[in-house]
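Using the sequences and the accompanying hints, generate a full structural model.
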Amino acid sequence: MGVYVHIPFCARKCHYCDFHSIVVGEADFPGLVDSYLVSLRREALYYRKLWANGPLDSLFFGGGTPTLIPPEKLAQLIAFLLAELPFTSDPEVTIEANPQSVTPQGAELLAGAGVNRVSLGAQAFQNELLTAIGRLHRAEDIGASVRSLRSAGIREINLDLMFGLPGQDLAHWRATLEAALALEPTHLSCYALILEPGTPLASWHEQGLVELPGEDEQADMYQLAREVLQGAGYEHYEISNFCLPGHRCRHNLLYWHNLPFIGLGSGATGYLGGCRYQNAPDVEGYIRSWAEGKPPYLTWEEVGRDQEMDETMMVGMRLLEGVSEAEFRRRFQVSLREVYGEAVEQLLQQGLAEEKDGRLRVTELGLFLENRVSAAFLR
Amino acid sequence: MVQKNIRNFCIIAHIDHGKSTLADRILEATEAVSKREMTEQVLDSMELERERGITIKLKAVRLIYRAQDGEEYILNLIDTPGHVDFSYEVSRSLAACEGALLVVDASQGVEAQTLANLYLALEHDLEIIPVINKIDLPNADPERVKRELEDVGLSAEEAVLVSARTGQGIDQVLQAIVERIPPPRGDAAAPTRAMIFDSHYDQYRGAVAYARVVDGTIKLGDTIQMMSTGRQFEVTELGVLQPGFRPVQALGPGEVGCIMASMKDVRDTRVGDTITTAHNPAAEPLPGYRPAKPMVYCGLYPVVNEEYTLLRDALDKLQLNDAALTYEAESSAALGFGYRCGFLGLLHMEIVQERLEREFDLNLITTAPSVVYRVVLKDGTVKEIDNPTALPPMTHVEHIEEPFVRATVLVPDEFIGAVMEVCQERRGTFITMEYITPERARLEYDLPLAEILMDFFDRLKSRTKGYASLDYEFIGYRQSDVVKLDILLNGNPVDALSIIVHRDKAMARGRALAEKLKEVIPRQQFEVPIQAAIGSKIIARETVRALRKDVLAKCYGGDVSRKRKLLEKQKEGKKRMKSLGNVEVPQEAFMAILKVD
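Line by line, the protein sequences give chains A and B.
Sequential numbering of the first sequence, starting at 1, is according to this note's numbering.
Sequential numbering of the second sequence, starting at 1001, is according to this note's numbering.
Careful: at least some of the hints might be erroneous.
List of simulated lysine to aspartate or glutamate pairs, DMTMM-like, C-alpha gap at most 20 Å [to be verified]:
1. B:K1569 - A:D18
2. B:K1574 - A:E342
3. B:K1565 - A:E301
4. B:K1554 - A:E301
5. B:K1554 - A:D160
6. B:K1554 - A:E342
7. B:K1554 - A:D220
8. A:K356 - A:E342
9. B:K1571 - A:E308
10. B:K1575 - A:E342
11. B:K1569 - A:E196
12. B:K1574 - B:E1307
13. B:K1554 - A:D57
14. B:K1571 - A:D306
15. B:K1565 - A:D306
16. B:K1518 - A:E215
17. B:K1574 - A:D90
In case anyone wonders, no lab produced these hints; they're calculated from the structure.
Have a look at this one:
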């Protein structure tokens, strides 16, 4: 179980991004950003009282761009959270970073503060593709960042890569995969570009200004990622995630196992005590709300047993190892087949899922059509 | 009121030439008198309104008008439907009148429906008062319109120039109605005969008949008899619309009103039928009645089989108010249980479909509309086929006949070529062409009704920059070389996608239909071949390639709710599709044939 901290600040918004973040400049430090960091502490103390789900073993900073916060301030925040919340003695502490924002000194400070895993938003190794999606870094920044992190002693390094980008072809993608492998990361995430309504890229696409690889080409890219990365000894363990054996991301696993976590920050989601909440994506509102000691919920829902089962299957089937039938029975005191007999039968028949070693999991076909598998468990 | 002071009239016009605005102005101009009349009646009618809430539609409005001669006249304005699907209903409304206002737009001039309505009115010996409307518009050209009226045999001198928008000329129109339209001639002493020209269903009173009394009198409490069926009912309420409902004791010759007699649905009050009295029945009905005969059929199926009984209940309810709607249960191998429904035309079909979906919240699949084919078998028997799947094996068939219509198209002369092309593409036979003015031509073509159903009017409009106007009437059956075109999905024939087409068109339609289906059928988990076939011969083939990727490979992290919503939305979309075997087919696929050419 773990803690997610959302840092909703960016130096610039990428063209495809619909995650909650606001663009901040020098002028916003210390004012807005410092107040935000104070609010995060208040929120952490609020949930410390409510948390009753056992020890925490992961802490994840996502964004936005967490590394936009000066490293010494981040270090203070991490130290505070590790001290005040019931963490185990060796938690996984991950921070998302953009390649241009990682400096050798910054890396040292982060490592000193307890960060042991960094997820770099590399996305692609072709500058024209990076420009097309509005990234600020250059391809050469990626290697430099990885080296800085390594020399600071950070061993767990993930590279985020994207496929289906405007102007990207299979050759670009192969080159990206190979360049990434050359940096020997312990973990790789391969995400498909999804056009989200309201983003610049979506509106350009609608106006016919950008062309994107077609559905078949995207499938080919996904297939290629599997071949290249598995060939290099990486395990494909979740739809979008690959790692060297023994280097799975502890934090993301807790999502896929549908376990409780505390979410801190503007726009963050959390799941504890049988309830899911989402904070309003509004930085100033968030600060005001915690100044009064109130959680700034946008939504709050109790998750009933049926919904918990559905969601456990929905996210669990994203893992290639699937869902353990014994684990399901232990958690819900009922067999998976009893609840989802018909859906499972259909998935088996359609060749989208298979049963092996007491686990229900996707087949190769089901992997490519995973929405159908997950949707089958929604009642 | 004495018969000589009654005038029964209607307003006829091409669409958008200002018929309803003119009607509104006429109502307003006569309102003062009507209002005084109404207040006298308020006490009588209030109780009725309080009790049940009146839902009477203004099918016929009684107006009181004090003419220049100082006398009061009753002007009955009878409404006419405005679409070619309902031409029979129009003819019955005209038959209830002695005169008609023919409204022509001062800038558009005479159009196809102007003419069609004019000829229909002349057939009923109506006095025609030409009304040139919208004379206040800058592009009005009343002189040109007058010439066009002369060209079609009307007296331009008698035309009244009005602007229904500003009210200019309305008094002259009312005066012309009184002076030029003859009073009704009917025999008060003869056995009662009244013609039903409209009806509707009221949930408290049952069917309400709108009728014009020709001879004799209908009184409250009378036992009336419908001459087409012999069914008898006791008159419980009689009234006129002024425009509020005003009860009356009796309706005499020449009068127009509504009759309620505990009739359970509108099939008891068929448009065109003659009402007589049981105690002194008329020997002969009034001429011109024919039962409503559907011209177009389609299958209606619930997307979810469980909604079948809901669909049946909804059709039962709609039929109470729509005598022209017919339906009978049928089943399709592909779609399960549904109903074969008959309609007067495409518009009627769309109205019914929309009401079923909107008012009854049903999710329906509509199969492609079909006309009724007459199949003459080798043994000499004749079968009427309204569903392509019912076509007997061709080895048993001597020949097939299909319904034809005579279409009249009015168009500026620069588009004559385009109209001819469209009609010829649609298997039309040229009948005649004449210039009604130096710039405007009138073309007549005989066309198979089936071709009119296929988006004909839209096509005609688009090829003539919107200038062509169309009217048509059924003229009978003609022998035709038609064949059944089948569609196979994944190798299995889908009966609901079969159509009957002319042999010369089969190849092209089959290819176009297969292409269209490829567009509308989403990619599935496996490849889906689409084939078009005539008998065992495949004439076209397309393939919907297998879906290769359907996965949220994006980092939504712990946002489980968002993931869930995305998947639920996707699932919802799938529910609106019909699963045929293992192929998911969206509703629009069954209407795809209407979108090809």
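Results for each hint:
{"no.": "1", "hint": "B:K1569 - A:D18", "result": "19 Å, holds"}
{"no.": "2", "hint": "B:K1574 - A:E342", "result": "18 Å, holds"}
{"no.": "3", "hint": "B:K1565 - A:E301", "result": "14 Å, holds"}
{"no.": "4", "hint": "B:K1554 - A:E301", "result": "24 Å, violated"}
{"no.": "5", "hint": "B:K1554 - A:D160", "result": "11 Å, holds"}
{"no.": "6", "hint": "B:K1554 - A:E342", "result": "29 Å, violated"}
{"no.": "7", "hint": "B:K1554 - A:D220", "result": "17 Å, holds"}
{"no.": "8", "hint": "A:K356 - A:E342", "result": "18 Å, holds"}
{"no.": "9", "hint": "B:K1571 - A:E308", "result": "19 Å, holds"}
{"no.": "10", "hint": "B:K1575 - A:E342", "result": "17 Å, holds"}
{"no.": "11", "hint": "B:K1569 - A:E196", "result": "15 Å, holds"}
{"no.": "12", "hint": "B:K1574 - B:E1307", "result": "17 Å, holds"}
{"no.": "13", "hint": "B:K1554 - A:D57", "result": "24 Å, violated"}
{"no.": "14", "hint": "B:K1571 - A:D306", "result": "18 Å, holds"}
{"no.": "15", "hint": "B:K1565 - A:D306", "result": "16 Å, holds"}
{"no.": "16", "hint": "B:K1518 - A:E215", "result": "16 Å, holds"}
{"no.": "17", "hint": "B:K1574 - A:D90", "result": "47 Å, violated"}
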